[in-house]
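> Here's the letter readout for the chains.
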Amino acid sequence: MRMGSALIYIGHKSVRLAVLLIALCAITFWLVSQSPIDPVQAYVGADMMRVGPEQRAEIAEYWGLNAPPLERFVRWGSAVVHGDFGTSMIFRRPVIDVIQERFTASLVLMGAAWVFSGVLGFVLGIIAGARQGTWIDRLIKCYCLTLASTPAFWLGLLLLIVFAVWLGWAPVGLGVPMGVPADEVTLGDHLRHMILPAVTLSIIGVANVALHTRQKLVNVLASDYVLFARAKGESEPAILWRHGMRNVALPAITLQFASLSELFGGSVLAEQVFSYPGLGQATVAAGLRGDVPLLLGAVIFSALFVFTGNLLADIIYRFVDPRIRLGGSV
Amino acid sequence: MSNQTAVSQNTSTTIPEASTGGTMMPLLDVRDLSVSFVQYTGGLQMRFLTVITSLSLTVRPGEILAVVGSSGSGKSLLAHAILGILPNNARISGTMLYVNEDLTPERQMSLRGREIALVPQSVNFLDPLMRVGFQVRSAAHGSEAAKAQRRVFDRYHLADQVKGLFPFQLSGGMARRVLVATATISDARLVIADEPTPGLHPAVVKETLNHLRELADEDRAVMLITHDIEAALTIADRIAVFYAGTTVEIALVADFTDNGEALRHPYSKALWRALAKNEFVATPGAQPSPDALPPGCLFQPNCKIATPECASVRPKERELRGGMVRCIHAA
Amino acid sequence: MSYTDTTINQSHISQLPRLNRRQITVLVMAIAAALLLGVVIGGFLLSNEKLMTNFEERSLSPSIEHPFGTDWLGRDMFARSLKGLTVSLGVGMLASTVSVFFALTLGLAAATMGRTVDGAVTWLVDIFLGLPHIVVLILIAFAMGGGTRGVIIAVAITHWPSLARVIRAEVLQLRTSEYVQLSRRLGRSRWWIATRHLLPHLVPQLLVGLVLLFPHAILHEAAITFLGFGLSPHQPAVGVILSESMRHLSTGQWWLALFPGLSLLVMVRAFDALGDNLRLLIDPHTAQE
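Protein chains in written order, with my numbering: chain A, 1 to 330; chain B, 1001 to 1331; chain C, 2001 to 2289.
If we strip away everything but chain A, and leave its shape as in the complex, we get (with noise of 0.2 Å):
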């Protein structure tokens, strides 16, 4: 790839993503301020009663909740271009403190989704290709189409009756064991909490990539290459392996990069089922408070999450694939 293009390409993408961000947070503060929830009454949560109207009227000022909207929105702006977001009422402390922390605790468990979903993915998608029109093809196509309709979050109360409450093999809720001060919580207590959620998200994930493989993988297999392969007297596995794997491995792997969105919406359902503390429960609960800072900063963390996907997904097409990177076009 020459430099050139390369730069055109960042400069490119930068400025889409910057124009995106400043349309994300103008829509999405907007639609935030026509929320006819309360927030100083979700600040409040359930003191409400012993919170008496000077100290409402107290808390919407230091909040600067009775500001007009635009004010409000060049208050956030700024707090935003400084770097802390604004502050978060229900954790009371800056937003970006909050969402670094949640979501590394979301990325790691997202990304062991991530990993082990396309693995299985694809070798599910390979097998069922390979064998295409047998039993075991139609079993994973079956398996398949049945996760996509699948919702998340039942699953995940399925694998909790299962193997929280009947096994007692993993923990019922909570990212951490109660009780245990923060330093002393092992990577071991980390991962035991982990496990399920992450076995639901995989599960999930599995169908996208392993029905798209298998049918990248049967069309691979009825190619004219693969005939002269055929021609050539090289043999199944061997055809399987050099031209099989080669075409199907790069549409894979994009496409799993493509659907960092399906993944994260799924997190926001398994964290909430597990009590998992990233990012996803850390939206919900902003929702339901009615924390707006936090909640604004969710959904642009999580436009970040899927627009860098999209971007690697669209950089690995253009630089991996020799047709693109050296060819210009196809």
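FYI, nobody ran anything at the bench for these hints, they're computed from the structure.
Mixed in with the good hints there might be a few duds.
A short list of chain C residues far from chain A (calculated; beta carbon distances all over 12 Å) [claimed, not checked]:
1) Val-2026
2) Gly-2038
3) Gly-2043
4) Gly-2074
5) Val-2098
6) Leu-2137
7) Leu-2139
8) Arg-2184
9) Leu-2186
10) Leu-2202
11) Ala-2223
12) Leu-2262
13) Asp-2272
14) Ile-2282
Selected chain C positions facing chain A (in silico; Cβ < 8 Å) [stated by the list, open to error]:
15) Ile-2140
16) Leu-2242
17) Ser-2245
18) Ala-2257
As the structure is a computational prediction, the values presented were derived from the model and not from experiment.
Virtual Cβ for every residue (Gly too), placed ideally from N, Cα, C.
Given chain A, put chains B and C in place with the hints provided.
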């Protein structure tokens, strides 16, 4: 039978008519081959699509047999049947002998790519994500694949850096030479070229055909499957005329002269006259649909000299004037 | 010289006859219709008595009398699931219809109203596809203050972008097609072209789009309700039932979660299959298989 591997540079492109004597044992002998596909339609109904019907031909070492027929008439399936790479829903009947031994699926598997090689139609038959050199080497089956690859690249004037290119980077002419190289590197005794010159520049067509002639002159047997009768006549020794999935006539190249009086079958004659008059419509009327073949002669619905007998009995192949014909009226 | 005259036979005669695409579609349609009718009629006939609390029959595991068991208030879970499904179906139907309407309007506008509108719509699609669905759902449900109306609008707004893209592409392609160009040169009115050439292509697309959106709408309604942004906790929606079941997991009442979720899954799967088969049927590349 010698398996000549040396590169002979002094080959000529003239047609050695005398060398096609019928005494030599055929390398490939196809008799009464039929290929059909099973298709399911409308629930429980099964339908047979017969794409090749009682086809017979032979190819001898040192000769080029051209199988000529119109585009899309299933000629490629003949190549696939010989190589044993038809899809699973294909049914084959008949006999195929290679060096006088039955060509069983097991034997096809061990022979293809070694004894029998295919020169495919286009660059689409190369893996788009695999470098060309590797694809040529993978056809070599020997321990010294790299050396063999360098040798065939030299033979076909391909620069060394071509091996590092991807198929889409090849020019039309380069692609042809690479495809011929993959067939040549294996030292195959039977080379099947399936429509090797589709829509190419005349110079490239000529070059590719010359390469095939060279292979035959090295005592290999070459089967050239093409719709281009003109091109076939420039290099082939014998022409098998393919119509509706069968060979209606096998003629010597010399038979294609003047008004086609030397030809044996009405279809061949019509084909030749159409070509001689520079008309593009080579096929008189439409070929019968593969799911509803007529019970009699396959050409009868379009034949000008057909008699009632033609519609009821399918003509057997018979020897006639040093060739073969499948028509009861031929004399 | 010995001539072996054995027959090469690579046939696979033992293949079972299979149903063709049209027959499968009809079958799937029948199953989906039966499910839909069963749920709607069942939900309609259901007396409120069944949904009442009955403290004598608390937390019963599944039996013949209560196939899905009962909850901690003695309510029959089968009746609640059925009622929940009717709620989900209603919300899903409404939301996907509104969504298809959005998609049609914006897709048509993008394809026919010039470059500025096209750019704006394309950009809006990009923004919506740039966020995880669930985040958009939370955001809009939050903005609408939750409730049934909020869920319907949220689900409707989340699902239009991909269908709008399809419609835009379809219309653009149709507009440049030769027969539309010809009609235009023959002096046909825009209305004539729209009704004779565009509609016949768009109606099947919209129908399939609707059928494919529907299961997703149901799933997302259940998810957003489960998270607490959707239907009111007093409605027996599947999301509400599953959310409640979480509080009783540790007591081992597995039936509270299993059956309502399973019935949702069956419903969604049936409509997904229906949509897929319809899509293959209207696609000229696969219709003749």
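> Each of the hints needs a verdict: does it hold here or not?
Here is how each hint holds up against the structure:
With a minimum CB-CB distance of about 19 Å to chain A, Val-2026 (chain C) clears the 12 Å threshold, and the non-interface call stands. No Cβ of chain A comes within 12 Å of the Cβ of Gly-2038 (chain C); the nearest lies about 18 Å off, and the non-interface call holds. Distance check for Gly-2043 (chain C) against chain A: the nearest CB is about 20 Å away, which clears 12 Å, and the non-interface claim stands. Even its closest Cβ contact with chain A, about 21 Å, leaves Gly-2074 (chain C) beyond 12 Å, as expected for a residue assigned away from the interface.
Separation of Val-2098 (chain C) from chain A is adequate, the least Cβ-Cβ distance of about 17 Å exceeding the 12 Å criterion. For Leu-2137 (chain C), the non-interface assignment is contradicted: its Cβ lies about 9 Å from the closest Cβ of chain A, within the 12 Å cut-off. A Cβ of chain A approaches the Cβ of Leu-2139 (chain C) within 12 Å, the least distance being about 6 Å, so the stated non-interface status is violated. For Arg-2184 (chain C), the shortest C-beta to C-beta distance to chain A comes to about 32 Å, beyond the 12 Å cut-off, and the non-interface label holds.
No Cβ of chain A comes within 12 Å of the Cβ of Leu-2186 (chain C); the nearest lies about 37 Å off, and the non-interface call holds. Taking the minimum C-beta to C-beta distance to chain A, about 26 Å, the non-interface status of Leu-2202 (chain C) holds against the 12 Å cut. For Ala-2223 (chain C), the requirement that its beta carbon stay farther than 12 Å from each beta carbon of chain A is not met, with the minimum near 6 Å. With 12 Å as the threshold on Cβ separation, the claim that Leu-2262 (chain C) sits away from chain A is violated: the shortest Cβ distance comes to roughly 8 Å.
With a cut of 12 Å on Cβ distances, Asp-2272 (chain C) falls inside the contact zone with chain A, its closest approach being about 5 Å. Distance to chain A confirms Ile-2282 (chain C) as a non-interface residue, since its nearest Cβ pair spans about 19 Å, more than 12 Å. Annotation: interface hint on Ile-2140 (chain C) holds; nearest CB of chain A at approximately 7 Å, less than 8 Å. A cut of 8 Å between beta carbons decides the hint on Leu-2242 (chain C): the least distance to chain A is about 6 Å, and the hint holds.
Annotation: Ser-2245 (chain C) was flagged as interfacial toward chain A, and the flag holds, the nearest CB pair being 7 Å apart, inside 8 Å. Contact between Ala-2257 (chain C) and chain A, as hinted, is supported at the beta carbon level, the nearest pair being about 4 Å apart and thus within 8 Å.
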